[in-house]
Amino acid sequence: QKEVEQNSGPLSVPEGAIASLNCTYSDRGSQSFFWYRQYSGKSPELIMFIYSNGDKEDGRFTAQLNKASQYVSLLIRDSQPSDSATYLCAVNWIKAAGNKLTFGGGTRVLVKP
Amino acid sequence: KAGVTQTPRYLIKTRGQQVTLSCSPISGHRSVSWYQQTPGQGLQFLFEYFSETQRNKGNFPGRFSGRQFSNSRSEMNVSTLELGDSALYLCASSLVRGLAIPDTQYFGPGTRLTVL
Chain A
91 QKEVEQNSGP LSVPEGAIAS LNCTYSDRGS QSFFWYRQYS GKSPELIMFI YSNGDKEDGR
151 FTAQLNKASQ YVSLLIRDSQ PSDSATYLCA VNWIKAAGNK LTFGGGTRVL VKP
Chain B
16 KAGVTQTPRY LIKTRGQQVT LSCSPISGHR SVSWYQQTPG QGLQFLFEYF SETQRNKGNF
76 PGRFSGRQFS NSRSEMNVST LELGDSALYL CASSLVRGLA IPDTQYFGPG TRLTVL
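Residue numbers (our numbering), protein chains in the order written: chain A, 91 to 203; chain B, 16 to 131.
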């Protein structure tokens, strides 16, 4: 059973600080990794994806991937109250087999003014 | 470009009935995936369709089925509804690219199904 694990939180962060979210996965063969944000009552919204070891930056967001240790993380810099949401980590195991995302349970983030 | 659309947005059914949900992908996207989201189980993959063929299937009973049409629009059907089928059903579409580049899935607003 391929698994994706996230701390459920809530992760409480002061406004302007850095929020650090972690995700671990069980299958070393995993190929691509995605971060989604989901506001209460809404559908998931793609933040970014990463598939090579190292860091990938997009605005205030940085994804970090370490395949040897089987974890992927998301940093949110200069956190804003509007960043308060649940962040979902998702893994696509083998792209050649098509699109089949396995999601973690999500980490709830609360940014306090 | 219009996003993924799903109809209906809300649905109330009773046990034993069947339901059909519809999804229109982003223009040009040929892969459509369906997910079920519940508070207890989180987001779980149901199936994926590409070029009118089911390419992947999750661990759901045969009561859950789907299909895709030549215009890439997709429907999913749940027969003999059970109370536990109450959930948010999400459709996601993606542009299928080469093997070296991940396909990014974009979600629709979902259909909230309540089974009484």
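Heads up, some of the hints might be wrong.
Okay, derived cross-link-like pairs now, DSSO-like style, lysine-lysine, Cα gap no bigger than 27 Å in a straight line [as the list claims (entries may be wrong)]:
1. Lys132/A / Lys190/A
2. Lys16/B / Lys92/A
3. Lys157/A / Lys72/B
4. Lys202/A / Lys157/A
5. Lys16/B / Lys190/A
6. Lys92/A / Lys72/B
7. Lys202/A / Lys92/A
8. Lys157/A / Lys190/A
9. Lys202/A / Lys190/A
10. Lys72/B / Lys190/A
11. Lys202/A / Lys132/A
12. Lys132/A / Lys16/B
13. Lys72/B / Lys28/B
14. Lys146/A / Lys190/A
15. Lys157/A / Lys28/B
16. Lys92/A / Lys157/A
Derived by calculation from the structure, the hints in this document are not laboratory data.
Are any of the numbered hints broken by this structure? If so, which, sorted upward? 2, 4, 7, 9, 15
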